[in-house]
Amino acid sequence: MSAEDRTDDGHRLRVGVLLPTREAAINGDHGVAPLLDFAREAERLGYDSVWTGDSLLARPRLDPVVVLAAAAAVTSRVTLGTAAYTAALRHPLLGAHQLASLDRAAEGRLVAALGAGFPVPETEREFAAVGVPYTGRFGRLDDTVRLWRETWRGSAEAESGKGREPAGPHRPPSPSSPAGPPLWLAGSDTPRVLARTAERYDGWLPFLPDASGYARAWDRIGQLTAAQGRPPGAVTPGLYATVAIDPDRAAARKQLDAYAQAYYGRSLEQMATFQAFGYGSAQECAEWLGGYVLAGARHIILRIGSLDPAAQRAQLAEAARVLVPALRAGT
Numbered sequence: 384m385s386a387e388d389r390t391d392d393g394h395r396l397r398v399g400v401l402l403p404t405r406e407a408a409i410n411g412d413h414g415v416a417p418l419l420d421f422a423r424e425a426e427r428l429g430y431d432s433v434w435t436g437d438s439l440l441a442r443p444r445l446d447p448v449v450v451l452a453a454a455a456a457v458t459s460r461v462t463l464g465t466a467a468y469t470a471a472l473r474h475p476l477l478g479a480h481q482l483a484s485l486d487r488a489a490e491g492r493l494v495a496a497l498g499a500g501f502p503v504p505e506t507e508r509e510f511a512a513v514g515v516p517y518t519g520r521f522g523r524l525d526d527t528v529r530l531w532r533e534t535w536r537g538s539a540e541a542e543s544g545k546g547r548e549p550a551g552p553h554r555p556p557s558p559s560s561p562a563g564p565p566l567w568l569a570g571s572d573t574p575r576v577l578a579r580t581a582e583r584y585d586g587w588l589p590f591l592p593d594a595s596g597y598a599r600a601w602d603r604i605g606q607l608t609a610a611q612g613r614p615p616g617a618v619t620p621g622l623y624a625t626v627a628i629d630p631d632r633a634a635a636r637k638q639l640d641a642y643a644q645a646y647y648g649r650s651l652e653q654m655a656t657f658q659a660f661g662y663g664s665a666q667e668c669a670e671w672l673g674g675y676v677l678a679g680a681r682h683i684i685l686r687i688g689s690l691d692p693a694a695q696r697a698q699l700a701e702a703a704r705v706l707v708p709a710l711r712a713g714t
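So for the sequence shown, our numbering puts the first residue at 384; every next one is plus one.
Treat the hints as calculated values from the structure; they're not laboratory data.
From a predicted model like this one, the values you see are computed outputs, not experimental measurements.
Simulated crosslink set (SDA-like; lysine to any residue; CA at most 20 Å straight-line):
id : residue 1 : residue 2
1  : K637      : A693
2  : K637      : A694
3  : K637      : R696
4  : K637      : A697
5  : K637      : Y647
6  : K637      : R649
Can you build the whole structure from these sequences, using the hints too?
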């Protein structure tokens with residue numbers, strides 16, 4: 384790793400991309416092969432990571448664990464991530480088992496960004512459908528993370544012969560490392576989210592709509608992390624951002640508005656009040672995202688705001704050609 388790839392806080396700037404599982408579902412396509420082609424192409428173009436979202440009923444798509452396990456088989460370098468995995472939709476032991484198995488399939492390349500549930504009525508109905516209370520979901524996520532880590536640690540100790548119980552069929556599989564895959568909190572900038580991130584998570588994945596708010600929140604996480612006695616660099620600062628790349632800025636905005644309407648049933652104007660949306664040429668998008676990099680973001684996950692598979696691939700390539708190098712050159 385070159386010195387140019389590192390920042391003052393020790394985190395190398397990374398740029399990843401979201402696999403279009405939800406976009407394909409909106410188009411009525413539930414095939415896996417196009418997603419694997421997308422993952423292979425992202426790796427070939429030099430992206431650092433590929434990610435996939437999670438929703439059973441609120442915004443349905445293919446299961447992220449299944450998709451990423453398949454992606455693990457056709458890639459060798461990129462990090463594979465969930466953005467974000469809704470832990471409440473699975474029993475905690477089942478979730479621990481799935482993620483440990485996926486981490487094995489990915490040979491340690493997994494990062495699991497976790498969400499408590501997007502705060503919209505559709506999510507409440509999704510929770511009700513699986514018999515999980517919507518209230519108290521934040522504390523439930525933290526409890527689940529604790530149980531996962533205990534399960535993984537116990538499995539790893541049993542596997543190495545250090546546990547009190549025998550290994551083999553009496554323990555679920557352990558992940559690639561005893562600590563398990565890095566667990567990030569996908570959340571906003573509320574005091575509670577920042578405190579939880581600093582206390583127990585390995586990364587923070589917000590979608591804040593402006594870089595100044597990001598800078599304030601990240602500074603606060605740094606203060607809280609130090610107060611917890613955790614070492615510098617214990618928390619990776621991520622960013623989930625949606626972009627529409629087109630040299631015609633008006634056309635890019637129109638595309639992104641249609642995307643927001645199809646994805647959320649809400650206008651771009653409504654969504655942009657609390658999510659990061661950027662549009663215009665690749666260079667314009669790079670300049671916009673550069674503000675977040677200056678604010679501290681070190682792993683940027685791009686969601687391409689288009690429902691057209693051909694446009695998705697074209698923008699994936701254009702971002703790799705212009706946007707990604709521009710971001711890396713600016714750090």
